[in-house]
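J.: Here is how the chains run, residue by residue.
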Amino acid sequence: MSGITMRAFRDGDEAAAARLFNKSLAGFVGPAPTTPQSWRKQHEVSWRSPVLSKDPECFRFAERGGEVIAYVVVECPCQFEKDLAVIQELCVTREQDGEEVARLLIADAEQLARRRGVTAVVLHLSHEDGLTCRLAAAASYEMPGPGTSVFMATITNLDAFLGEAEEELAARLLSSRSKDWLGIIEITCAGQSAKLLLADGRVRVARTDEGSSFAAEITPEALPLLLFGRMSVQQAFLQDRLSVAGDGRAAALAVLDALFPCLPMYLPSSQWW
Amino acid sequence: MTEGEVRTTGRGAWKRVYIEASGREASHLSYAPFVFPLGRHAAVRMAGIGGVGTDPSFRRRGFAHRVLAQALHEIRSAGYSCVGLYTGTDIVAHRLYRRLGFVDIVTHQPAVKVLDPAAFFAHRLRRALAEAREQHADIADWHCHLAVDLLDQPSVHLRIEAGSAEAASASPARSDLTLAAPRAVLLRVWMGGMGIRFAETAGLLRWQGSPEHWRRLSTVIAAQHRVVNEGSL
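Protein chains in written order, with my numbering: chain Y, 818 to 1090; chain B, 3 to 235.
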């Protein structure tokens, strides 16, 4: 592909990097929205690797006509396994020739690995990220196992979780067919409970003794999956992991489905702790 | 053995929880606050747990469970709405986390591309030999020229000497042992994703040469497989 050059990070790239990060990962739950300052800070954490100011060559930027169009962060070598390099973050706009640019960036990261005497490159794949999966297959990457990395979570305070999520829940409700639903939903799970008041397009955690329109009881293993968008309400209901008591079960399930939809998740390994 | 109480110390944003036994630190972890975005409009306050480890001589005695239970108690008391951690699905720790209520939220499969097969196989074999030397003293006296036939790529030659391994630059007229398997199978075997004896039994990998060299090599690789799968608890 003509006109594209690869280079290491330079001061001033932060704005383009933050823009690319936000745009390329916008469809996923997980990546924190990034500003130029927070992008820089994220890559200056001393216990993570690579550290931007110490090893800017690990931050590879693709440029066309003087404009940054994509970047990749490659940990080279990996701090835990010195014979490996790890591609941690690949940010490219998923339009026009973005896939081709991404291929060139991966090839550039592999060249860096060769220069540094590293014998293999690792690319962390989320099966929900079609672009990276296609790229890995096209570039002859293989999945040797058994080391599947997993992000695990548990809910320690249901009431607080729903309180922090109020605005997101309201936005989801407003874009659904249940947007005019009014009432109180009580959610219980293994000794935890919380009430959500839905009214006038708003969602609020209700601290009230008032009776609920319906009560949803969720099993402990299903609760994090539902709240993080990893299991649909229908699936939980069919598997007896969610039961609904009260009037209008179909409407209740529709409201819950609007509040807790299944969502694609992708956590760039550069953000792991 | 005397066991101490589970203790917590603070270090910046990170809290460190640990337990001592017989005057040594037996098990430890750290946790810190993180912000986890749920979408464009909200984020939740999450405690992120990391750096979980148990001294090998104190494993399988419940120390990690006690340390984790204490951390979860502190996290709940501090008002965090959720807790998250990164681990592997294939290690012992994963089962412990599940017992304590953690659920798999999303998995990331590492995809690997080997750039220099000879150097890669030699490095991994060196590491396996170093692990195996502790259990099998005779490894130190083992000398072997190993040829690895990748079928669709040029063969790789490795020289095993005095308990270590190097890529060999030229192939001798006759190797002591030759392994032949597709690159994908060898990659799985060398990275612990498939047992070497299973690969041989299933007909995915063939060997030719000295049975004694095969016995030693399969012992070394199989021991490495167990280490990979045991994790850090």
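Just so you know, the hints here were simulated from the structure itself, not pulled from any lab data.
Among these hints, one or two may not hold up.
[What the hints assert, rightly or not] In silico DSS-like pairs for lysine-lysine, Cα to Cα no more than 25 Å straight-line:
#	chain 1	residue 1	chain 2	residue 2
1	B	17	Y	899
2	Y	858	Y	871
3	Y	858	Y	840
4	Y	858	B	17
5	Y	871	Y	899
Bear in mind that the values here come from a model prediction, so they are computed numbers and not experimental data.
J.: Among all the numbered hints in the text so far, which are the ones the structure does not match?
T.: Hint check: 1 fails alone, others pass.
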